[in-house]
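Engineer: Below are the chains, spelled out letter by letter.
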Amino acid sequence: MEPLRQDDPPRIGPHVTLARLDAEYEQAVPARRFIARGADGDRTFLGCLPRANVDPTRWAIEAESARRLSIPGFLPVEEVGGTADLPWWTAPYAPALPLPAALRAHGGPLPEPFVRALGAALARTLATAHNLGVTHAGLSPAAVLLTTEGPRLSCFGAVRAAAPDGEQRAGLPGLDSGSLAPEQATGGRPRPLGDVYALGSVLAYAATGHTVPERDELPSSLRGLITTCLARDPVRRPRADQVLTHLEPTAPSTGHQATVLDTAAPIPLPASLVAALARQSAQVLAAEVPVPEVPVPEVPVPAALD
Amino acid sequence: MLSPLTHDDPHQLGGYRLIARLGSGGMGTVYLARSVTGRTAALKTLHPHIATDTAMRTRFRLEVDAARVIGPIHGARVFDADPLAETPWMATEYVLGPPLGDAVSFAGPLPEPAVRALGALLCAALAQLHASDVVHRDLKPSNIMVTADGPKVIDFGIARAIGDDRLTRTGTAAGTPAFMSPEQATGQEHTAAGDVFALAGVLVHAATGHGPFGAGQHADLIYRVRYASPDLTGVPPALLPILTQCLSKNPADRPTTTDLATQLHPGHGDFASRLPEPLLMEIARRAGDVWHARPRRLPAPPEDALAEAFPGAPRSATSRLSGLSGLSRRKLLALGGSSALGAAVASGGAWAWLDSLDGGDTTDPKPPAATSSKQPAFDLLWQVATSSVEPQIPPVPLILDGLLVAGEFGVQGLNPATGAVKWSDPEVYFLRRTATDGKQVYAADHTLDESDPLSVSTVDLTTGEINAPFSELKDLRAILDGTQVLCATGDAVYLTGGRGPRTESGFDKAQSWFLLGIGIRSGKKLWEVPLPARPDESERLHFLSAKAVGEYLVLVQQSADGALRLVVRNALTGEALWNRPLDGEQPGFSRAHLAVDSRHVYPSADELVALGLADGKEAWRFEGKTPQARFSPPATKDGVVYAVEENRGIVALDATNGTLRWAEKSRAVTTEDLGAPPVVGIASVYAQNKASSALVAVDIRTGTVTRSVKAAPARYFAHASARRLIAVGDEHTAAYPLN
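If you read the sequences in order, they're chains A and B.
Residues 1 to 306, numbered by the numbering used here, are exactly what the first sequence covers, in order.
Residues 1 to 739, numbered by the numbering used here, are exactly what the second sequence covers, in order.
There is no bait here: all hints are sound.
Some chain B residues near chain A, calculated using beta-carbon distances under 7 angstroms:
1. Ala148
2. Ala272
3. Ser273
4. Glu277
5. Ala287
6. Gly288
Calculated directly from the structure, the hints in this document are not laboratory data.
Remember, predicted model here, so these are calculated numbers, not experimental data.
Using N, Cα and C, we set each Cβ at its ideal position, and we do this for glycine too.
Work out the full structure: start from the sequences and follow the hints.
Structural biologist: Dropping the structure here:
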C-alpha cells in the first residue's frame with residue numbers, strides 16, 4: 001500500500017480513493033489498483049482501472065467475466081462500472097499484499113514452506129477453475145494478493161485483454177513477460193496449461209525474487225516441480241490438480257462430512273507478512289475520507305496513511 | 001470477535017455510528033464504531049447512570065488523559081473523546097491483536113526472545129507514562145494487547161497521577177491482586193516501582209502461563225503478594241535474576257524501567273518474528289475479520305420484561321446480622337479490590353475476551369449441508385467480567401429464575417437474559433459459600449471478626465444483601481477459610497464448618513471440621529459428622545461438588561492429597577451409605593461433575609456406568625462403540641443420560657437401563673473434549689470441541705448435528721428459563737442463545 005500520487009484519480013466511480021495498492025515500479029500489473037471508500041464511509045473497496053495502453057473495452061469484458069465468476073480463491077469482483085473509455089471494477093476490501101509487496105515486506109524471497117503452501121493454495125484454485133472450464137489467463141506475481149484468509153487471484157483475463165488471440169502478446173504493457181506462457185506470447189488462445197506455466201513463474205518468483213530463475217536458485221524440493229511447470233511445451237507441464245497432489249500429497253480425502261468448522265484454514269503467513277497486513281489493516285481502518293458535505297478537492301490528500 | 005448490538009444500544013454516539021459490541025462490563029460498553037469519514041474505531045463508553053457519579057466521570061477523564069499520554073505506539077491511538085457527554089465516550093484505534101492473557105492461553109507460554117522484546121517494549125510504555133507523572137496501577141495480561149508491532153497497553157481504568165488521591169476514597173487497594181504490588185496490597189502509595197513489580201508479574205505470566213503469585217481467592221493472593229516468594233517455576237534461567245529483582249518486596253530494590261529494558265537486552269529484529277505461529281495467525285485473523293463486520297442489532301428479547309419484573313425477592317436492607325459490623329465486611333471488600341473497581345477494569349478485559357470467545361466465523365457465507373438456512377443466528381449475546389481464576393472448586397454458577405450468580409469471588413448477580421448486572425457489590429462474596437435450591441440463595445456469611453459464629457442466611461435476590469440468618473452455629477467459626485455451603489433443597493442446607501485457630505489461607509491441622517445438614521425452617525442442625533483433619537497450609541477443600549436428591553446426599557469428597565471419592569449419605573441422618581474412589585485420567589475438576597437422578601448417580605470417571613443411589617451397585621454399564629472407549633462426565637435430564645464418547649461424539653442413553661437412544665454421527669473427539677459433560681438444552685445438546693475451539697450442537701431427539709459455533713474453552717451451563725447457554729471463563733461469564 002502506497003500513498004496516492006498527483007496523477008492518481010480522486011475517485012473510482014462513486015468511491016473516494018484512499019491509497020494505491022501497488023508501488024509504481026510494479027510495471028507488470030495490468031491495472032491501476034487502489035484502496036477506495038464509499039462516499040458514505042461505510043464500505044471500503046479494492047478498486048481497479050485499466051492502465052494506459054490497454055484496450056479499455058477488452059479490459060472491461062474481462063472485468064465483467066470476473067464479476068460473473070464465483071471461484072473460491074479468485075478475488076470476487078463485485079461491481080463493474082464506468083464508461084467504455086474509463087471502466088473500473090471494485091471488490092470488497094480486505095487487507096492484501098500483492099506478491100511483490102510481500103517480498104519487499106519480507107526483505108527478500110519467501111521461506112520454502114510458505115512457498116509450498118502458497119503453491120498448493122493457488123494450484124487448488126486453478127484446479128477448481130479448470131474443472132469448470134475457466135482459464136484465468138492473468139496469473140503473475142502481481143496478480144496474487146496475499147490476504148489473511150489465503151491468497152486471492154486478481155487480474156483475471158489480463159492476457160486476453162492485452163491482445164486478441166492470433167496477435168503477438170510478447171512485450172505488451174501490463175503483462176509480466178516471465179509469467180506469460182510461450183504459446184500465449186505468440187498469440188495462442190489462453191488454455192489451462194498456460195495458467196500452470198504462470199503458476200510455475202509465480203512460485204519461482206516467491207522463492208527467488210524473479211520469475212525466470214536460474215535452476216540452481218530454486219529450493220531443491222521445488223526445483224523439479226517449478227521446472228516442469230515452466231516447460232516451453234504445454235503438453236510437458238503438469239495439470240493444476242497434479243501440482244496440488246505434488247505439493248500436498250496428504251491432501252485430505254473428502255471422506256468426512258464437512259461442517260462449519262471445516263472452512264479451509266488460511267495458510268500460515270511469515271511474521272513479516274502478518275505484520276505488514278496488520279499494519280495495512282490498521283491504516284485503512286483509521287483512514288478518513290473527506291466529510292461528504294465538504295466539497296471534494298481536486299487532488300484529495302489521503303489522511304493518516306503514514 | 002464481535003457481537004451484535006442489543007436492542008437498547010444507541011444508534012450513534014459522538015458522531016460515530018455503532019456497528020457491533022466488542023465487550024461490556026459494569027462500567028460501560030465498548031463498541032466497534034465508524035465515523036462519518038469512514039474511520040473505524042473502538043468506542044469506549046461509560047454508562048450514563050454511572051456517569052452521574054462525579055468520581056466515576058473523573059476517572060473516565062483520567063483514563064482518556066492516560067491513553068493520550070501513553071500515545072499511539074505503546075497504546076491505542078486516541079482519535080477523539082468527550083468525557084463530558086451524557087454518555088462519556090472515547091474513540092481509539094481498534095487494536096489488532098489479542099490480549100496477552102488470551103495469547104498465552106491459546107498459543108502457550110511465549111519463547112524467551114518474545115518475553116524479552118515484550119518486556120523491553122512495556123518498559124518503554126511505562127516510561128512514557130511515568131515521564132508524565134502517571135502510574136498505571138493495574139498492569140496485567142488482560143490490559144495488554146499483543147499486536148504484530150509490539151504490545152499496546154489499553155486499559156487505564158485506575159491509572160492516576162502520582163500523588164493524586166482524589167479517587168482513592170472508595171478503597172485503599174485497587175487493581176488485580178494477582179499482579180498487584182505489595183505496597184498496593186497494603187494500601188500504600190503505588191509508585192512507578194509498583195508498575196515495575198506488576199510488569200515483572202506480567203512477564204512471568206507470559207513466560208510460564210502463570211503469575212508469580214498464582215491465582216485464586218483475593219485474600220490469599222494479597223497475602224502471597226505481601227509475604228510469599230514469587231513462584232518463578234518455568235521462567236527461563238537467564239531471566240530469573242532480573243525478574244526476581246523486579247519482584248522485590250521493597251520498591252527501592254527494584255530496577256527502573258530503563259534498567260530493566262537494558263537488562264532484558266531484547267536485541268534487534270521484528271517483534272512479530274519472535275511470536276509463536278498460532279499467535280501470529282490470531283493477529284492475522286483479527287486484522288482480516290474486522291473487515292467483515294456489518295451493523296447488526298438484536299431484537300428485544302421477549303423474556304426481558306419478565307426477568308426485570310423479577311418477583312418475590314425479599315427486601316431486607318435493614319435486617320442485617322446484628323452482631324456483625326458492616327464495617328468489617330467493607331474492609332475485606334476494599335482489601336480485595338472492591339467490585340466497583342472490578343467493574344472499572346471490566347471493559348477492557350471484557351472487550352479482550354469477547355474476541356477469543358467467538359471465533360468470528362458465525363456468519364459463514366457457505367453453510368454446509370448439515371445446517372439448514374432457517375436456523376437462528378448463534379451469537380454471543382452478552383458477557384460480563386467475573387472472576388473464576390484458579391478456583392478451589394469447579395466454578396458452577398447459581399441458576400435461578402431470572403438470576404444468574406457468577407464469579408468465584410466478588411460474585412455478581414446477573415440478569416441471565418441480558419447480562420445486566422443486578423448487583424455487583426454483594427455481601428455474598430465467595431461462590432463456594434453459597435448454594436441454591438433454584439428458588440433461594442443460601443449463604444454462609446464471612447466476616448473479619450474472629451469470634452463470629454458460622455451463620456446461614458438467605459440472600460436478597462434483588463440486592464445481593466444477606467438477610468438475617470436463619471441459623472447460627474455457635475460452635476463453628478464463620479471466619480475459617482475452608483467453610484463451604486455445598487447444596488440445598490427446599491428443606492435443608494448442607495455445608496462444612498470448622499473450629500480452631502484461624503489461618504490466613506488454607507487449613508490448620510489444629511482445626512476440627514464437620515459436614516452438617518441444617519433444617520431451613522427450624523434453623524437447627526439436623527446432623528453433623530466429623531471430617532478428616534487437614535495438614536497445615538493445605539488448600540484442598542473437603543468437597544468439590546454435592547447434590548441432594550430425595551433422601552440421598554451425593555458428594556465428591558477430596559482428601560488432603562487430592563484423591564477423590566464418590567460418597568453417598570442419607571440426607572436426613574448423615575449416615576454414610578456407600579462410597580467408592582473416583583479414578584480416571586481427567587483432572588479432578590472434570591471428575592467432580594455430578595450427574596444424579598432419582599435412582600442413579602452417573603460418576604465422572606472415564607467410563608459410563610449407572611450406580612444405584614441406595615447401594616452403589618452397578619445398575620448398568622454402557623460399553624461404547626470401541627473397546628475401552630472413554631467418556632466425558634455424563635449429564636442427565638428427563639430420564640436420559642448424555643455423555644461424549646471418545647472418537648464418536650455425543651451419545652444419549654435411556655437412564656433406566658442404559659440402552660442407546662441415539663449417537664452423534666462420528667467425529668474426532670480428543671481427550672480434551674472429554675473433560676466436561678455435555679450441556680443439555682431444550683431442543684439441543686451441546687458439547688465442546690476444543691481442537692476447533694467450538695461447541696457442537698445436536699438435536700436432542702435425534703443427535704443430528706444442528707449448529708456449531710467457535711468458542712473459547714470455558715465451562716458451559718444451561719440456563720433453561722432464560723434460554724441461555726452460559727459460558728464461565730476464568731475472568732468472564734458470557735451467554736449464547738440456548739435451544
